[in-house]
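Protein chains in written order, with this note's numbering: chain A, 1 to 330; chain B, 1 to 330.
Please note that a few of the clues may not be correct.
Below, computed lysine to any residue pairings styled on SDA-like, alpha-carbon distance capped at 25 Å [to be verified]: (1) Lys116(A) to Ala71(A); (2) Lys319(B) to Thr41(B); (3) Lys97(A) to Tyr166(B); (4) Lys130(B) to Met89(B); (5) Lys291(A) to Ala137(A); (6) Lys130(A) to Met89(B); (7) Lys130(B) to Glu309(A); (8) Lys130(A) to Thr41(B); (9) Lys68(A) to Lys97(B); (10) Lys187(B) to Gly266(B).
These are calculated hints, taken from the structure and not from any lab test.
Number of protein chains: 2
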Amino acid sequence: MKEYKGKKVLVFGGLGFMGVNLCHRLFFDGANLSIFDLNITDTIQKNLKDLNIRAIRGDITNGDECTKAIAEAEIIFNLAGRSGATASMENPFLDLKVNGFGVLNILEAARLHNQKVKIVFPGSRLQFGKVEKLPVAEDHPMRPTSLYGIHKLLGENYHLSYRHFYGLNTCVLRFSNPYGPHLKMKKPEYNVFNYFIDLALQNSVLKVYGDGSQIRDYIFIGDVVDALLAAGISKAANGEVFNVGSGVGTAFIEAAKVIVKVVGKGRIEQISWPKQAQNLETGDYIADITKIKKVLGWEPKYSLTSGIEKTVVWVKQKKDDFYASLEEQS
Amino acid sequence: MKEYKGKKVLVFGGLGFMGVNLCHRLFFDGANLSIFDLNITDTIQKNLKDLNIRAIRGDITNGDECTKAIAEAEIIFNLAGRSGATASMENPFLDLKVNGFGVLNILEAARLHNQKVKIVFPGSRLQFGKVEKLPVAEDHPMRPTSLYGIHKLLGENYHLSYRHFYGLNTCVLRFSNPYGPHLKMKKPEYNVFNYFIDLALQNSVLKVYGDGSQIRDYIFIGDVVDALLAAGISKAANGEVFNVGSGVGTAFIEAAKVIVKVVGKGRIEQISWPKQAQNLETGDYIADITKIKKVLGWEPKYSLTSGIEKTVVWVKQKKDDFYASLEEQS
Numbered sequence: 001m002k003e004y005k006g007k008k009v010l011v012f013g014g015l016g017f018m019g020v021n022l023c024h025r026l027f028f029d030g031a032n033l034s035i036f037d038l039n040i041t042d043t044i045q046k047n048l049k050d051l052n053i054r055a056i057r058g059d060i061t062n063g064d065e066c067t068k069a070i071a072e073a074e075i076i077f078n079l080a081g082r083s084g085a086t087a088s089m090e091n092p093f094l095d096l097k098v099n100g101f102g103v104l105n106i107l108e109a110a111r112l113h114n115q116k117v118k119i120v121f122p123g124s125r126l127q128f129g130k131v132e133k134l135p136v137a138e139d140h141p142m143r144p145t146s147l148y149g150i151h152k153l154l155g156e157n158y159h160l161s162y163r164h165f166y167g168l169n170t171c172v173l174r175f176s177n178p179y180g181p182h183l184k185m186k187k188p189e190y191n192v193f194n195y196f197i198d199l200a201l202q203n204s205v206l207k208v209y210g211d212g213s214q215i216r217d218y219i220f221i222g223d224v225v226d227a228l229l230a231a232g233i234s235k236a237a238n239g240e241v242f243n244v245g246s247g248v249g250t251a252f253i254e255a256a257k258v259i260v261k262v263v264g265k266g267r268i269e270q271i272s273w274p275k276q277a278q279n280l281e282t283g284d285y286i287a288d289i290t291k292i293k294k295v296l297g298w299e300p301k302y303s304l305t306s307g308i309e310k311t312v313v314w315v316k317q318k319k320d321d322f323y324a325s326l327e328e329q330s
Numbered sequence: 001m002k003e004y005k006g007k008k009v010l011v012f013g014g015l016g017f018m019g020v021n022l023c024h025r026l027f028f029d030g031a032n033l034s035i036f037d038l039n040i041t042d043t044i045q046k047n048l049k050d051l052n053i054r055a056i057r058g059d060i061t062n063g064d065e066c067t068k069a070i071a072e073a074e075i076i077f078n079l080a081g082r083s084g085a086t087a088s089m090e091n092p093f094l095d096l097k098v099n100g101f102g103v104l105n106i107l108e109a110a111r112l113h114n115q116k117v118k119i120v121f122p123g124s125r126l127q128f129g130k131v132e133k134l135p136v137a138e139d140h141p142m143r144p145t146s147l148y149g150i151h152k153l154l155g156e157n158y159h160l161s162y163r164h165f166y167g168l169n170t171c172v173l174r175f176s177n178p179y180g181p182h183l184k185m186k187k188p189e190y191n192v193f194n195y196f197i198d199l200a201l202q203n204s205v206l207k208v209y210g211d212g213s214q215i216r217d218y219i220f221i222g223d224v225v226d227a228l229l230a231a232g233i234s235k236a237a238n239g240e241v242f243n244v245g246s247g248v249g250t251a252f253i254e255a256a257k258v259i260v261k262v263v264g265k266g267r268i269e270q271i272s273w274p275k276q277a278q279n280l281e282t283g284d285y286i287a288d289i290t291k292i293k294k295v296l297g298w299e300p301k302y303s304l305t306s307g308i309e310k311t312v313v314w315v316k317q318k319k320d321d322f323y324a325s326l327e328e329q330s
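Okay, chain A solo, but in the shape it has when bound:
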């Protein structure tokens, strides 16, 4: 997006799945880019420096590090945090520390030292818990069950509160299920869909729980990045929350079949639901994307098939400089 050329952009959590793809685009759009992440190694820092990208190894639970990082930024993408419902239940206090205190640290730093900065925060469909009505609009009641969903709602409320009381330029995009090009994953449950693509590429078994009829709204990461970038430069987005997805629902098993078909490898096996997974299952979800279309003029460009195709091409092709510079991470 041409508006980002020369803009001072700071991405917290720039080495996460969403962060990497966003930074990749910002790099090619010519942004003056800073990446803040816990997992930045000396090698990554050096590699990124060669690309004129500032890399900060830092922890959002440390207020001083946040304050130092944000001083010059014009736009912040507040993407750092722990991911996944399962992980949140396994470590409730750490989840609160990172996704609660950490997020609040960034807002407090902005309030005290950089009130004009724009801040974009990613919420999650898991804030809704079990939904009553599809597709899900922004004002649908939120009854998150997992601590991950609860803490994402907490983060959203922080961003809106700092808008309300201090006039900070914050906005929130609640994403459905993103997938697409990604670095090596530490744990499959962070993103089952990406894990399935990896399994298919390895010609392995894709295990689907039960009949796999649960509906999800899978969105290609390129569309996610478009939405983040659109929100980052829009004044109309300030103080607003948007549900973001493809707007199309697909049964999990059908999506798995598309993966196997597009990749041309792998096979599906249906097994019974493990108890923990069943407890975490929140039922069907499709995002109502009327509001973001109207206010930001954003809309998804990828179908499930074209998104998976693009992901597979990406895995097979030679990596460009930006991705190559991060390969050290894994």
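Knowing the structure of chain A, use the given hints to seat chain B on it.
Only chain B this time, still in chain A's reference frame:
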């Protein structure tokens, strides 16, 4: 309530406004009572021991202290926490620590060491933020603005999540504006209505912001205690949330007039809104109490006039043993 006779009841925050009034009743109902509070002094501990009440000086942000305290309890009232919207904005991190981590500590302790215990948690009308429709039912959207409201919602979600995943016997009562007999207040903004009663008794000026037309739902603390006790012994309450108030709306200035009339002293002065207070103002509120009436058979017994009368009588009369034992606190 006769069901509490001999029951092992633990009240976190037992020296707070709600806690004192609840413990007072539990003491006279013959409960086997333990009070956990940060502000328990040696004198209070000794005084309470003479009444056969176990007093624990402890901090809910300390997980070990919570674990130790809950071991034997049959019913927990999870009332400890920081109070008030203003205080929460002044100290956001401390508010999260106490009202987030602290509350989670108690639930984790119960999950690991006392899964059968009943836990009652007080939510707040401030979870709703500005409301769209009066009276406010349980499923009204929640858009809290103050950090206090945000963290109360966080605490509610924790209690419901631990019900969902672990089957803990939790329930939540979202209270409107309670008033009534109270120990000396540290800060007037914790409870403006009680502060006004004190001012009137001192024949002082009651300062009302603007035209004082904002509607509140004032509920006498005796009714609040009845609701807490009813929830504590009800199986039907488990996993449920209830809005609790008098169900009657009163303009702030009208309520102030009732205070002056009942007390027979004090006078009202109208001044313009300070900016901070105006930002915190959430608009009109009246609780829809249909659900709690139906499920718990609870209903308020006090009108605004009779509640204020009872408060004034309480201030003037000689204190009973229970209250006298806490006088050391102030």
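Hints and how they fare:
1. About 11 Å separates the Cα atoms of Lys116(A) and Ala71(A), which keeps this hinted pair within 25 Å; it holds.
2. Pair hint Lys319(B) plus Thr41(B) holds up; C-alpha atoms about 20 Å apart against a cutoff of 25 Å.
3. For a cut-off of 25 Å, the pair hint linking Lys97(A) to Tyr166(B) stands: about 22 Å separates their Cα positions.
4. The suggested pairing of Lys130(B) with Met89(B) holds, with an alpha-carbon distance near 17 Å, which does not exceed 25 Å.
5. Restraint check: the Cα-Cα separation between Lys291(A) and Ala137(A) comes to about 8 Å, which is no more than 25 Å; the hinted pair holds.
6. At roughly 32 Å between alpha-carbon atoms, Lys130(A) and Met89(B) are farther apart than 25 Å, so this suggested pair is violated.
7. Between the alpha carbons of Lys130(B) and Glu309(A) the distance comes to roughly 46 Å, so the proposed pair goes past 25 Å and is violated.
8. Between the alpha carbons of Lys130(A) and Thr41(B) the distance comes to roughly 46 Å, so the proposed pair goes past 25 Å and is violated.
9. Restraint check: the Cα-Cα separation between Lys68(A) and Lys97(B) comes to about 23 Å, which is no more than 25 Å; the hinted pair holds.
10. For the hint pairing Lys187(B) with Gly266(B), the CA-to-CA distance comes to about 20 Å; that is within 25 Å, so the pair holds.
Hint violations for this structure: numbers 6, 7 and 8, all remaining hints satisfied.
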